[in-house]
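If you want the building blocks of each chain, they are given just below.
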Amino acid sequence: MSKKSTDKTAAAAKKTTSAAKTGGANAAPAAAPKPAASGPNPSHSSPVNTALSADEKVELYRKLVRIRRFEERSLRAYQAKKIGGFLHLYIGQEAVAVGCCSLMGKDDHVITAYRDHGHAIAVGMDTKALMAELYGKVTGCSKGKGGSMHYFDPARNFWGGHGIVGGQVPLGAGLAYALKYKGLKGAAMAFMGDGAVNQGAVHEAYNLASLWSLPVVFVIENNGYSMGTSQARSSAGELATRAAGYDMKWEIIDGHDLYDVRAKMEPLLRRAREESKPALVEIMTYRYRGHSVADPDKTYRSKTEIEDYQRTKDPINLFRAILQSEGALTDELIEKIDTEARSEADFAADFAEASPFPTPEDIQKDVYWEADNPSQRTSGGRLFFN
Amino acid sequence: MPLITYREALRHAMAEELTRDENVVILGEEVGQFHGAYKVTEGLLEKFGPKRIVDTPISEAGFIGLGVGASMLGVRPVMELMFWSFYSVAFDQILNNAANIRYMSGGQINCPIVIRGPANGGTNVGATHSHTPENILAHHPGVKVVVPSTPYDAKGLLKSAIRDNDPVFVLENTILYGLEGEVPAEEYLVPLGHADVKRAGTDLTIVTYGRPVIQSLAAAQQLQQQHNLSVEIVDLRTIRPLDIDTVLASVRKTHRVLIVEEQRPFCGVGAQLAYMIQNEAFDELDAPIQRLGTVDAPAIYSPPAEIEQLPNSQRILKAALATMGS
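If you read the protein sequences in the order shown, they are chains W and G. Take the first sequence: its position 196, counting from 1, is numbered 195 in numbering that gives the first Met the number 0, and each next residue is one higher. Take the second sequence: its position 89, counting from 1, is numbered 88 in numbering that gives the first Met the number 0, and each next residue is one higher.
To be clear, the hints were calculated from the coordinates, so they are not data collected in a lab. There could be a bad hint or two in this list.
[What the hints assert, rightly or not] So these bits of chain W aren't anywhere near chain G, every CB distance computed over 10 Å:
1. G143
2. S212
3. R232
4. Q309
5. D365
[What the hints assert, rightly or not] With the C-beta cut set under 8 Å, the calculated list includes, among others, these residues of chain W facing chain G:
6. P41
7. L51
8. H149
9. I163
10. K364
11. E369
12. P373
These figures come from a predicted structure and were not determined experimentally. Where a beta carbon is used, it is the ideal one built from N, C-alpha and C, also for glycine.
Using the sequences plus the hints, can you model the full thing?
Below, the structure is given as structure tokens:
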């Protein structure tokens, strides 16, 4: 095996040791993630999971499948050159967004980076509007102005979709600041990739959140690679334990196991809401595709590595097996969910295809609140120089 | 009307808006206990308490980003940059987030944030602390840029900025903080995007903003007395939105234009003004448009040299005479 392909494994092994070693010093001892297949996992019997009805479990499974089928369909559209720009697929990471967002209450908020399709579907956005956004159509969730990296739906407490690595993390702290200022019992989740953790703005946000006791959970989705650079080659030390330097609680989670995500996120979100305290979690996950579709994905990791993950840790397969063993899913239902998810994705693509593009006049709308609300115009001068 | 300083005018604007709207908060380095590096926020902590007047760590990207996030959820943060020179540290948050968020979200998200603080040179603090990035900021759609020159304007413009639903950047001039001027005791607003004719004249239009307004007024007085020239001074007050119509009206009256800006001319605000004047009032011009700015180099420390590097009344007077062809 090449050195490159062992980077991830080495980083994961190092993390396990270190987590076990430092966990005792942390307010919340972080258990090393166990391989989901090796025996009973206490997260599975966590109240937040056992309280789920069979229907709710099926819904969680359905969301995982819907995300994957949506992205597979978007990939085909991209390859057919129907979609421009970058396409950062979330395939392999679905249990992270679905697990975390399934815990949201009415005053909880989410912000994420450019790999945002999974989070958008997880918070309940309409896949038609999401696909149309990829196609650059006015029916898109950002009217064709944002694209793949810039999905938004404030009505569902989803604050984007941000293209600059780590730049959204202080905004997440700001959402939490606003909740606290307004006296709302909510929490913000600020997602980032493992490539973001070395950005200064991320550390500034950690510091502000801890210093001001803000109700935010910072979520690192560690898929092992900052674009094409493995974690071992990009980050010194541990990612989760950096929280200790900010006197912030931390946790390491198995992101292939939806139940583990829910079991370990729930107490942190509850603590954020009830005690207004921040936390940092590192969710171990993996992406099957390149950084974006433009990434040939051949120079920095092996095919074997990807296939191993797909075979042993696929979050959809693992959750399906759990639900089957619990009797919540039948073969017939599995088939039905998959067929429906494929149809939904196709329908979204058809909708996107049939939708109009923005007009030249649309280009200068949505720049200023003032320009779009002329009846309440309070100002003079020219906003544009055309 | 009471006579107060530019600094007090800004403070009164914030105090009135803090009183009027409970969503307004003041955040920045040293704005609370230390009363602001330039004492603009003096007394606000004592009056409004630590929930409304918040001292931040030295971390511009972090706290400006936090302000942007908070503004998306309905808080109206007024953020102080200790120096506008530090905009570069928070540039990602200012441009990629504050300026873009409304557009990228298809108009779903507003960012009613104000970022204010001292800009410009003249205090002998060298190249890292003398920036005045109004041209760089105004280049980006989605934001508004305000540069007040008098206490009256400073108060009225800042109050409008705080009530505005778009991101507004208020560039104050460090040297003007002590400038006194008449400010009404009763509440008033100066709307954004309205230039002000600070002095009426018939022979030459000086288009300017910020501290050079004050210097141009002094030069105009000399030009009147010594050269019998009647100079009109148009104070832009806001760079974006830009009130070009007031500028054009003045040009149609005087037919000669000198643009004075306290920034380096290359890619500056004056370049845009000159283009728009020649584009929309070319036939009105009796002479080429002239520009006077900061001498094109990083800000020099040496105090006497810095006076020469920046616009000053004597440089303005000479440039005005050159524009008149004498």
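Check your understanding: Beyond 10 Å from every Cβ of chain G: is that where the Cβ of W:R232 lies?
Key -> holds, 24 Å
Point to revise | Status of the hint placing W:P373 at chain G (closest C-beta pair under 8 Å) | key: Because about 13 Å separates W:P373 from the closest Cβ in chain G, which is outside the 8 Å limit, the hint is violated.
Review point. Holds or violated: W:E369 as interface residue toward chain G, Cβ cutoff 8 Å?
Key: Holds. Min distance 6 Å.
Review point. Holds or violated: W:P41 as interface residue toward chain G, Cβ cutoff 8 Å?
Key: violated, 35 Å
Exercise for review: Against chain G, does W:D365 hold up as non-interface, every C-beta pair farther apart than 10 Å?
Suggested key: violated, 3 Å
Practice item. Say whether it holds or is violated: W:G143 keeps its Cβ farther than 10 Å from all Cβ of chain G. Key: violated, 8 Å
Check your understanding: Holds or violated: is there a CB of chain G closer than 8 Å to the CB of W:K364?
Key -> Hint holds; W:K364 Cβ to chain G Cβ min 7 Å, cut 8 Å.
Exercise for review: Using Cβ atoms only, decide whether W:H149 comes closer than 8 Å to chain G, and label the hint accordingly.
Suggested key: Holds: closest Cβ of chain G sits about 4 Å from W:H149, inside 8 Å.
Check your understanding: Would W:Q309 pass as off the interface with chain G, using Cβ distances and a cut of 10 Å?
Key -> holds, 33 Å
Practice item. Determine whether the non-interface label on W:S212 survives the test: each CB of chain G must be over 10 Å from its CB. Key: Non-interface label on W:S212 holds, nearest chain G Cβ at 13 Å vs cutoff 10 Å.
Exercise for review: With chain G as the partner, please determine if W:L51 meets the hint condition of a C-beta pair closer than 8 Å.
Suggested key: Violated, about 30 Å.
Review point. Given W:I163 was flagged as interface, is its beta-carbon under 8 Å from a beta-carbon of chain G?
Key: Holds - the Cβ of W:I163 comes within 8 Å of chain G, reaching about 5 Å at its closest.
The structure does not agree with the numbered hints 1, 5, 6, 7 and 12 stated previously, though it agrees with the rest.
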